[in-house]
Amino acid sequence: MSTRATWTDRLLQAEALFIYLFLWIPIVVLVAFSFNSSRQVVVWEHASLHWYEVLAKDAVLLGALERSLWVAFLTTVLAILIGTPAALALARREFRGKGAMSRLVDLPLVIPEIVMASSMVICFGLVGIRLSMTTVVIAHVAFSVSYLIITVRARLAGFDRSLEEAAMDLGANELTTFFRVTLPLILPGIISGALLVFTLSLDDYVITSFVAGVGSTTLPLQIYAMVKQGISPEINAVSTVLLALTITLVAISHLLQRRAH
Amino acid sequence: MKRLLAFFADPTERLLAQIGPALWWLVVFFALPLGIMVVISLAQRGPYGIVQYHWGWDAYVQAAEAGARAAAAQAEEGAPVEVTPVPDRAGWARYVFQNYLRAFDQLYIPIYVRSIGFALITTVLCLLLGYPIAYFIAIKAPERLRSALLILVVIPFWTSFLVRTYAWILILRSDGLINRALMALGLPSQQLLYNDFAVLVGLVYGELPFMILPLYASIQKLDVSLLEAAQDLGATPRQAFFRVTVPLTRPGILAGVIFVFIPSIGAFVIPDLMGGSRSIMVGNLIQNQFLFTRDLPFGSAVCFLLTALVLVVLFGNALVAGEEWEEHP
Numbered sequence: 001m002s003t004r005a006t007w008t009d010r011l012l013q014a015e016a017l018f019i020y021l022f023l024w025i026p027i028v029v030l031v032a033f034s035f036n037s038s039r040q041v042v043v044w045e046h047a048s049l050h051w052y053e054v055l056a057k058d059a060v061l062l063g064a065l066e067r068s069l070w071v072a073f074l075t076t077v078l079a080i081l082i083g084t085p086a087a088l089a090l091a092r093r094e095f096r097g098k099g100a101m102s103r104l105v106d107l108p109l110v111i112p113e114i115v116m117a118s119s120m121v122i123c124f125g126l127v128g129i130r131l132s133m134t135t136v137v138i139a140h141v142a143f144s145v146s147y148l149i150i151t152v153r154a155r156l157a158g159f160d161r162s163l164e165e166a167a168m169d170l171g172a173n174e175l176t177t178f179f180r181v182t183l184p185l186i187l188p189g190i191i192s193g194a195l196l197v198f199t200l201s202l203d204d205y206v207i208t209s210f211v212a213g214v215g216s217t218t219l220p221l222q223i224y225a226m227v228k229q230g231i232s233p234e235i236n237a238v239s240t241v242l243l244a245l246t247i248t249l250v251a252i253s254h255l256l257q258r259r260a261h
Numbered sequence: 001m002k003r004l005l006a007f008f009a010d011p012t013e014r015l016l017a018q019i020g021p022a023l024w025w026l027v028v029f030f031a032l033p034l035g036i037m038v039v040i041s042l043a044q045r046g047p048y049g050i051v052q053y054h055w056g057w058d059a060y061v062q063a064a065e066a067g068a069r070a071a072a073a074q075a076e077e078g079a080p081v082e083v084t085p086v087p088d089r090a091g092w093a094r095y096v097f098q099n100y101l102r103a104f105d106q107l108y109i110p111i112y113v114r115s116i117g118f119a120l121i122t123t124v125l126c127l128l129l130g131y132p133i134a135y136f137i138a139i140k141a142p143e144r145l146r147s148a149l150l151i152l153v154v155i156p157f158w159t160s161f162l163v164r165t166y167a168w169i170l171i172l173r174s175d176g177l178i179n180r181a182l183m184a185l186g187l188p189s190q191q192l193l194y195n196d197f198a199v200l201v202g203l204v205y206g207e208l209p210f211m212i213l214p215l216y217a218s219i220q221k222l223d224v225s226l227l228e229a230a231q232d233l234g235a236t237p238r239q240a241f242f243r244v245t246v247p248l249t250r251p252g253i254l255a256g257v258i259f260v261f262i263p264s265i266g267a268f269v270i271p272d273l274m275g276g277s278r279s280i281m282v283g284n285l286i287q288n289q290f291l292f293t294r295d296l297p298f299g300s301a302v303c304f305l306l307t308a309l310v311l312v313v314l315f316g317n318a319l320v321a322g323e324e325w326e327e328h329p
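Heads up: the sequence lines are chains A and B, in that order. 211 is the number that my numbering gives to position 211 of the first sequence; each next residue is one higher, with no gaps. 190 is the number that my numbering gives to position 190 of the second sequence; each next residue is one higher, with no gaps.
Do not rely on the hints blindly, as some may be mistaken.
Negatives, chain B to chain A, calculated, CB over 10 Å [stated by the list, open to error]:
#1 E13
#2 A63
#3 I109
#4 Y112
#5 L127
#6 Y194
#7 V224
#8 R278
#9 I280
DMTMM-like cross-link-like pairs, simulated, lysine to aspartate or glutamate; straight-line CA separation at most 25 Å [stated by the list, open to error]:
#10 B:K140 with A:D9
#11 A:K228 with B:D175
#12 A:K228 with B:D196
#13 B:K221 with A:E15
#14 A:K98 with A:E174
#15 B:K221 with A:D9
#16 A:K98 with B:E13
Source of the hints: derived by calculation from the structure; they are not laboratory data. If you're wondering where the values come from, they're calculated on a predicted model, not measured in any experiment. Cβ atoms here follow ideal geometry from the backbone N, Cα and C, with glycine treated the same way.
The shape of chain B in the complex, shown without the other chains (with noise of 0.2 Å):
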């Protein structure tokens, strides 16, 4: 017991055991996957799916003349001849860079776009339904009903994922409830599944409670008595909200808009299920790569540039939040 009191007495090794396993298991198990990822996306794919490392000058020059050889094979074919590339260091560059090149091909863009537009109209609609009901779960409910009012929001979201997707199936599939509902009053059934549609249904049905919970924070903390002062000095009850209630609910705002935007993006299960072959996003796109076309250093590629944006992302909150400390300390 003593010896064991012994070890942890210097301040240092005490440190190292409290900070150390945590800290090997982020870095081994999550930070250097990524690192290794970032090296295999320079990497290309080779037969039955292996991951190759042609970085050198020679692997470069070496395939730059297959390539020339193979144009001038299609010139004996009366096919056009493309101009042979002269090996130089641009090239070079994009030669290692290819799965990055290829990843902005036009065959892709549309999911970018997709993914994106889709992030941004969830996050517009989650701010848009979440609001008022935030505000009136902060300020117009009876205090004694606030805890039980926002567990009844929260409680939705204890169902796993999944589940709630297969919820959403049973309801909009061709013979869905609302189907059925539908043509039982006789009209037409429509398609709400494995489109568009349903995939922001989904995702702003998976969102929404992450939108209510910092907006219910932030609108919580609001003085009233500014609300007051406002009409007293003559705002009508619009101008009072979108010049004192909003602003002062800044920080909240901006907490729901990385907490919905963010995981949107990235979204894979909502696609994939309700989606369709017409409404993929980029982690279909990644999943894809990895599991059928086994193209993993394309995949690492989609990869890193979704990382990317999301950091970028986080990067501008940070600044526009930091904006706001220094104007309200």
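Same shape as in the complex, but just chain A (with noise of 0.2 Å):
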């Protein structure tokens, strides 16, 4: 090989660091600097745990944590719930209006969260209902419920039912043998489904704003109002403390895959 490959080869190694770096710092920063004791964010004092401390006895942010861990927790499961058994019917069996079932099941995935929010909350309005955790929980689901039925699907593309059937050529009735046989097979997937759905339930800002009542305030929005105020050290540890769980969270759902192989 000539030189001049080698020349790229170095060429693209940079520029992968540079956006390694690009991609990091900010995490860094966001991390490092919530172990720092002075109240300016950016200027370091000495390595501190105070933050963390405000963290745990600011009543506001952790009664919004929970409700953000309750809203999620609530849409997984009813998205997993509505969207199982919707993915495996989209999935296996041909029926008139499949197409139009598959496109709509695609759509909230490429609507702007803007335009569904204004929309949702246009409707509550117009019947009447009052927002609360109650339709944030079911904006939640309507946004999410797709990308679980996606994942789920995309997992039962290559399934082969020759298990299935080998279950009922035993003797088993079609219950038991989607409990023992099926559903420990897409197992996977669904746990990926719902791990994403959790996410973005945990996550959601735009959505839930519009169509979360007094007294809904979810962490997302706490934060939101927090920045809106000023820096502070406080949202540097929230934000820690919301990465750490989010990486166990998908660190604990890769184990279990690894495990259901």
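Two chains, two frames, a set of hints: combine them into the complex.
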């Protein structure tokens, strides 16, 4: 190989490194300065857990975190319950209107969030439903169930039905076959989808800001309010906690999927 | 138990049970609201923000006459008289679709131009920045490191949207990291936040993984022997890249472009927190109408236009990608 090839290789390496730095420096800044004792976030004083203590005593922020977790949990459960059967039907059965339903499922992924948010708040207002945690969960399921359906459906793409047929040949009825053969096999897909839904719900700002009522402040809403007021190391602290939580969840899901094989 | 099984025995009933709940939820809480929003976009804002529906011919004539009276009153004060419009069909159409006509008012055009412009610039930047690293990971990096390298690209994305934006505010503000470093070196501080530059940084940062991943998926499928064949036939590396690699990775490029462009036009949080009052995008305009001006009909009209644009882009992409399908079956 000529030296020219090495030159472009070096360039590629450098560019990749630059991108990694670009992607990671904000994260490092965020986490590192959460351990800074100074009130001025980016002026390093000395290492301290002070702001985590402030976070632990911040009832408003903790309340928002609790509400976010609760909403994310409910959204995920509902998405699994209504999304999994739909994914199964869409992946395996032919029926009239399948194309239309398929496109309907794809739509929430491309419609801008602000448009969905606006339309939902109009409808809730029109029907007279008061904005609350309920409306938040309803909206979250509406925009995230598609992600679960698509994930499970993709997982079903290469599905080998002979295992199910074998089970039924051995005398199992449909319901038993479903719970003891099908479900375990599609579980990794459901877990991936559920994780995606959970993260999307936990992180959502735009839709939630439109459909949350007073007293239904989720964590992103609270963080937004705090950022608008100005910077504070407490935001660094809660961001680090959120990041750690998300990484843990993904790691767990990854391990669960590994073991499923 | 047997009754439960009997209920699901009929295939049609079982199908309904399977897709029913999801279908119902999506129709009632997603599709229906969108449809209602289209209807509202043709209404008008009444006092205190209530929505009023004036579609009838009579309502139009009344409004036209009121307009004529107002013009006449202006004439008494010596102001130039505007030609009073004779009630006619075209005028009626203009009256009903007034929100859409107003949406293209000079006041708002810069916002649309900026939104589309930002989205385009973000897409191009993401493509230019993302392709080399995707190529590096897919082809140049040792195979055992590939998963790790990909995960390293994705982890920053696991932070919440708001958190990422906040991190950039910390870095870019007037007494943020960069400016403090500049001042320590004796250099003048720069205005890096609350302008177009900040919005672009935020957008590129948020969308880059969405470009890198599809590109990687596509580049990874590349048959390297084709590149070697090209070189054997005398192609320079540059020719090999532009005439072999790029065309073959076109599906990945298209996917990445769509994944970046569409969320970028609808961006809201980034221009809101990092853009300042001079860098508002369509998303901010819409939120403004719903939360502050409370002009729901007008906001709905803008929403519809944004959605129409997105669907047009998707349709265009389907056409382009569809052509692909026929060339390389």
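Each hint tested on the structure:
For E13 of chain B, the requirement that its beta carbon stay farther than 10 Å from each beta carbon of chain A is met, with the minimum near 12 Å. Annotated as non-interface, A63 of chain B keeps its C-beta farther than 10 Å from every C-beta of chain A; the closest such distance is 24 Å. Residue-level check passed: I109 of chain B sits 19 Å from the nearest beta carbon of chain A, beyond 10 Å. Non-interface call for Y112 of chain B relative to chain A: holds, since the shortest CB-CB distance, roughly 14 Å, exceeds 10 Å.
Residue-level check passed: L127 of chain B sits 13 Å from the nearest beta carbon of chain A, beyond 10 Å. The Cβ of Y194 of chain B sits about 13 Å from the closest Cβ of chain A, beyond the 10 Å cut-off, so the non-interface label holds. With a minimum CB-CB distance of about 13 Å to chain A, V224 of chain B clears the 10 Å threshold, and the non-interface call stands. Residue placement check: R278 of chain B keeps its beta carbon more than 10 Å from all beta carbons of chain A (closest about 18 Å).
Even its closest Cβ contact with chain A, about 13 Å, leaves I280 of chain B beyond 10 Å, as expected for a residue assigned away from the interface. Restraint check for K140 of chain B and D9 of chain A: satisfied, since their Cα atoms lie roughly 8 Å apart, inside the 25 Å limit. Annotation: proposed proximity of K228 of chain A to D175 of chain B holds, straight-line Cα distance about 16 Å (limit 25 Å). A threshold of 25 Å between alpha carbons decides the hint, and for K228 of chain A with D196 of chain B the separation of about 19 Å falls inside it, so the pair holds.
Straight-line distance between C-alpha atoms of K221 of chain B and E15 of chain A comes to about 22 Å, which keeps the hinted pair within the 25 Å bound. Between the alpha carbons of K98 of chain A and E174 of chain A the distance comes to roughly 23 Å, so the proposed pair stays at or under 25 Å and holds. A threshold of 25 Å between alpha carbons decides the hint, and for K221 of chain B with D9 of chain A the separation of about 20 Å falls inside it, so the pair holds. A C-alpha spacing of about 16 Å is found between K98 of chain A and E13 of chain B, which places the hinted pair at or below 25 Å, so the restraint holds.
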